[in-house]
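Here the protein sequences line up with chains R and F, keeping their order.
Counting along the first sequence from 1, when you hit position 51 you're at 50 in numbering that gives the first Met the number 0, and nothing is skipped either side.
Counting along the second sequence from 1, when you hit position 29 you're at 28 in numbering that gives the first Met the number 0, and nothing is skipped either side.
There's no promise every hint is true.
[Said to hold, decoys possible] Estimated spans, in silico, between C-beta atoms of each pair:
#	chain 1	residue 1	chain 2	residue 2	range
1	F	Phe26	R	Gln206	57 to 65 Å
2	R	Ala98	F	Glu8	49 to 57 Å
3	R	Val154	F	Phe71	49 to 57 Å
4	F	Glu8	R	Arg83	38 to 46 Å
5	R	Ala204	F	Ser149	52 to 60 Å
6	R	Leu199	F	Pro109	54 to 62 Å
7	R	Lys25	F	Pro109	21 to 29 Å
[Said to hold, decoys possible] Over 10 Å on every C-beta distance to chain F, these chain R residues come out as not near it, computed from the model:
#	residue
8	Ile14
9	Lys25
10	Ala65
11	Leu90
12	Glu114
13	Pro127
14	Leu139
15	Asp146
16	Asp218
17	Gly219
[Stated by the list, open to error] Okay, the calculated bits of chain F under chain R, using three or more residues with CB under 8 Å as the criterion:
#	segment
18	4–12
19	91–101
Don't read these hints as lab results, they were simulated from the structure.
Glycine residues also receive a C-beta, built at the ideal position from the N, C-alpha and C atoms.
The primary structure of each chain is shown beneath.
Protein chains: 2
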Amino acid sequence: MDGEGLIPEALVAAIEAVAATGRVAKFLYTVPNYHNPAGVTLSIDRRERVLDIAERHGLLIVEDDAYGLLGFGEEPRPALRSGRRDGVLYLSTFSKTFAPGFRVGWILAPRVVREKLVLASEAQILCPSMYAQAAVAIYLSTMPWLDQVSVFRRVYRERRDAMLDALATLMPPGTSWTTPAGGFYVWLTLPEGLDSKQMLAGAVAAQVAYVPGTGFFADGSGARHLRLAYCLPPPDQVREGVRRLSLVVHDAMAVAAPLGATV
Amino acid sequence: MDGEGLIPEALVAAIEAVAATGRVAKFLYTVPNYHNPAGVTLSIDRRERVLDIAERHGLLIVEDDAYGLLGFGEEPRPALRSGRRDGVLYLSTFSKTFAPGFRVGWILAPRVVREKLVLASEAQILCPSMYAQAAVAIYLSTMPWLDQVSVFRRVYRERRDAMLDALATLMPPGTSWTTPAGGFYVWLTLPEGLDSKQMLAGAVAAQVAYVPGTGFFADGSGARHLRLAYCLPPPDQVREGVRRLSLVVHDAMAVAAPLGATV
């Protein structure tokens, strides 16, 4: 993944690496818009290439579009599902555009998969809360929900701007981060030698929290990364959070630097 | 299972039958109160014996008590869980005493199992609807919910009485059924030679429905049984339903009888 999202060549390499072990990659899970945690969006060119690769290798795509309506200006890009109905499961949710507490989302799936999903859902939970579903349905049919989405887009954009400004002002050289065009998250890369998981206790002591990058990798890597969420706090708190985090990063660098120097 | 519920000797036989195949029975799932679908309640004497058998064989008990508060007069019997905390998972729900649409229930579980359940729940659904949980919590803390349970007990008792009276009046000889002391269900056994699954289409055509007994057996048996629910329709409709069902049973007997006679 880079600034344009999933790297098509890396997808091919991953499929071939699985095949080399005698197994078959069955599906690709991906968040094309405003990725959680990376904050990047798959470019239109790469969307086509990912679809082609998936079709060529018989790979089902699970397209998780939880944040798709929460863009900060640009036109929405075409969903992978819009390009290839049969090979894409499209997931979304009302958790980000209405309220998370209802736990209601939806799936557009090819028929053969849909039947299996219904069976799996029945076996696991019988059915989701009808009350929560009714609340969402009534909200959508009686309230100006697109206006509310517009409010969310403006609010989250202000918070993103506050975070990006504060990062640019306060973070030490060697730190880098993504510039999300929507959604909730900035993905930050620490200067070499720092470990976001080791740093977390100090951050929490300074009353600023994040998710260490290792939580998003299956192979134990990701220690130089961390996910920052700007969705909940207002801009002033976002700025204050980045200020505290920058102190924690500076402290960690001060501890790491002499060690590096002795090598 | 008979009128007193789970037969302890049958439980021992089942544990030994599994052991004879080289496997180990891991848990017993049981509904001690107002059983779904059988409508029977485990006697106090048998509760002790089931607990002893489970302890002796290291068998975890999953005690599903969805209907425990919906008894028709008698004092509630002690939960299996009350007799042996460590070996019993106790499940219940607000679906039968508040409203089914909230999909909120609870589990009392030994600590070691509880941690696994939390992980399994997080992996499957992240968390249940907070909104639905809040609705239930507010209902319980602000409304006279035990009075409402008393209303349900009276209402369901009237419907059960209507069903039992109608069955006694209308069902042909050779038919038998359980007498539930609570809950929602009567378990009916058809005269020999009848098959509740074959009979279902005719019943639905007569606008009366039930669940064929085969749905409650893992081994394909149960064809002579059917589950009748009296919880939803008022007494007059319950009586009318039994009247229609009795016609369907009489018809099925008329078809089956000559075949039987030619054997």
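Tested hints:
no.: 1; hint: F:Phe26 / R:Gln206: 57 to 65 Å; result: violated, 45 Å
no.: 2; hint: R:Ala98 / F:Glu8: 49 to 57 Å; result: holds, 53 Å
no.: 3; hint: R:Val154 / F:Phe71: 49 to 57 Å; result: holds, 55 Å
no.: 4; hint: F:Glu8 / R:Arg83: 38 to 46 Å; result: violated, 59 Å
no.: 5; hint: R:Ala204 / F:Ser149: 52 to 60 Å; result: holds, 53 Å
no.: 6; hint: R:Leu199 / F:Pro109: 54 to 62 Å; result: violated, 32 Å
no.: 7; hint: R:Lys25 / F:Pro109: 21 to 29 Å; result: violated, 36 Å
no.: 8; hint: Ile14; result: holds, 25 Å
no.: 9; hint: Lys25; result: holds, 18 Å
no.: 10; hint: Ala65; result: holds, 12 Å
no.: 11; hint: Leu90; result: holds, 13 Å
no.: 12; hint: Glu114; result: holds, 19 Å
no.: 13; hint: Pro127; result: violated, 7 Å
no.: 14; hint: Leu139; result: holds, 15 Å
no.: 15; hint: Asp146; result: holds, 22 Å
no.: 16; hint: Asp218; result: holds, 19 Å
no.: 17; hint: Gly219; result: holds, 20 Å
no.: 18; hint: 4–12; result: violated (count 0)
no.: 19; hint: 91–101; result: holds (count 4)
Violated hints, in rising order: 1, 4, 6, 7, 13 and 18; the structure is consistent with all others.
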